[in-house]
Amino acid sequence: MARPKEAQAAEAARRFGINVLECRGRAGFSQQKTADRAGIHRTEVSLIEGGKRVPRLDTIVKLAGAVGVDPCALLEGIAWELSPPTEEAK
Amino acid sequence: MSGLGQEDKWVEKDWTLGERFGANVVWFRREAGLTQTQLAERIGMSRTILSRIEHGRVFPPRLETILKLVAALEVKNCDLLAWMWWEPASHRHYETPPSITDISGYEVRDFHLPAGFRVSPVGYESEERFKDRLRQRREEPGHRTVLELLRDDAPKVAPRKRPDAAWVLLTGQALQALREGRGLTRQGLADRSPTTAAFIEAIEEGRCSDPGLRILEELCCALNGEGSAFAAQIEPVRAERKAAVRKVLDELAERDARQAGGDGK
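Top line first, the protein sequences correspond to chains A and B.
Quick note: to get the numbering used here, add 113 to the position in the first sequence (first position is 1).
Quick note: to get the numbering used here, add 1362 to the position in the second sequence (first position is 1).
No lab work stands behind these hints, which were simulated from the structure alone.
A few of these clues could be false.
To be verified - Simulated restraints on C-beta separations: (1) A:G138 to B:V1519: 27 to 37 Å; (2) B:P1521 to A:G141: 53 to 63 Å; (3) B:R1414 to A:G190: 46 to 56 Å; (4) B:Q1549 to A:G152: 18 to 28 Å; (5) A:L195 to B:A1601: 57 to 67 Å; (6) B:H1417 to A:K165: 26 to 36 Å; (7) A:K118 to B:D1553: 53 to 63 Å; (8) B:E1542 to A:K165: 23 to 33 Å; (9) B:R1414 to A:R155: 42 to 52 Å; (10) B:R1414 to A:E124: 34 to 44 Å; (11) B:N1586 to A:G141: 36 to 46 Å; (12) B:E1597 to A:G163: 38 to 48 Å; (13) A:G138 to B:A1564: 29 to 39 Å.
Ideal Cβ placement from N, Cα and C applies to all residues, glycine included.
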């Protein structure tokens, strides 16, 4: 049984935030410096790290570039569980 | 894997981030053998939106959409995010990163490709790396055929026979009928498939003496033409091609069995 969509999205955003925090810490950048390098606002970095915002592809690539990692490093350990089609048919 | 014309198009194109993502989705959707409709159903998205994502015509997709596509295509997160960089200093997307070695996995080259390199939407890679990438996916039964054909000792697949003029003419007419039935102009169809309006015109008017099977399949897929007269027209060619591939595979299997038997004695 797959979890409800909203819970999954929240979980994905939370894990993504943790990954960003980790990579940022490894690079030794502050939120402000990361935001400057990524060309986004500091509050957005803060929201994303707190898992309160679901990022879009462009933000993912910008953040990855800003902290100097491959974009998929930020998606490490995040997966989506698709609900099986039989369940939907019922 | 594809004609030179297509590769030229990829090389010359100035890709946006969305288009790169879309190209990656198309690439792996075809590898998984799914139609747009099937993939859209799997992730509970309308086919129209999926089509827009594939063409990079919508705003960059959200994290959830990326993850859903990864799950439905049964690929890795990296696969769909390949070939995307951001250079912090100049605040520009899509530049080749300063240090190429930082990008794990994919070999990036200038547009002057040395011999033996191939261009794919997921980057520029050597023949060796391409084979490696496919070998890693060995467990998946759908990819076995491709892998066997890549073996160094594999005999060549028999070349396709040139079709006769009557078939070419009929196919062109069927394509035109299907396209008009879908209410698309030639340019409209060209936008949805990896070809040009001029080439579609040539096929429809029967001026192209030997349109490739792959391009016909692409056109059929873009027109959502399963079960149409056009699909029926290209079916025998597809069957013939499949038979040729099967023959090579059988030959390989037989040779393997013989060698295994020889080792045993």
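Hints versus structure:
1. A:G138 to B:V1519: 27 to 37 Å: For B:V1519 against A:G138, whose Cβ atoms are near 53 Å apart, the range 27 to 37 Å is violated.
2. B:P1521 to A:G141: 53 to 63 Å: 59 Å, holds
3. B:R1414 to A:G190: 46 to 56 Å: 29 Å, violated
4. B:Q1549 to A:G152: 18 to 28 Å: 36 Å, violated
5. A:L195 to B:A1601: 57 to 67 Å: 33 Å, violated
6. B:H1417 to A:K165: 26 to 36 Å: 31 Å, holds
7. A:K118 to B:D1553: 53 to 63 Å: Given range 53 to 63 Å: violated, Cβ gap about 32 Å.
8. B:E1542 to A:K165: 23 to 33 Å: 50 Å, violated
9. B:R1414 to A:R155: 42 to 52 Å: 32 Å, violated
10. B:R1414 to A:E124: 34 to 44 Å: 27 Å, violated
11. B:N1586 to A:G141: 36 to 46 Å: 52 Å, violated
12. B:E1597 to A:G163: 38 to 48 Å: The hint (38 to 48 Å, Cβ to Cβ) is violated, given that B:E1597 and A:G163 are roughly 55 Å apart.
13. A:G138 to B:A1564: 29 to 39 Å: 58 Å, violated
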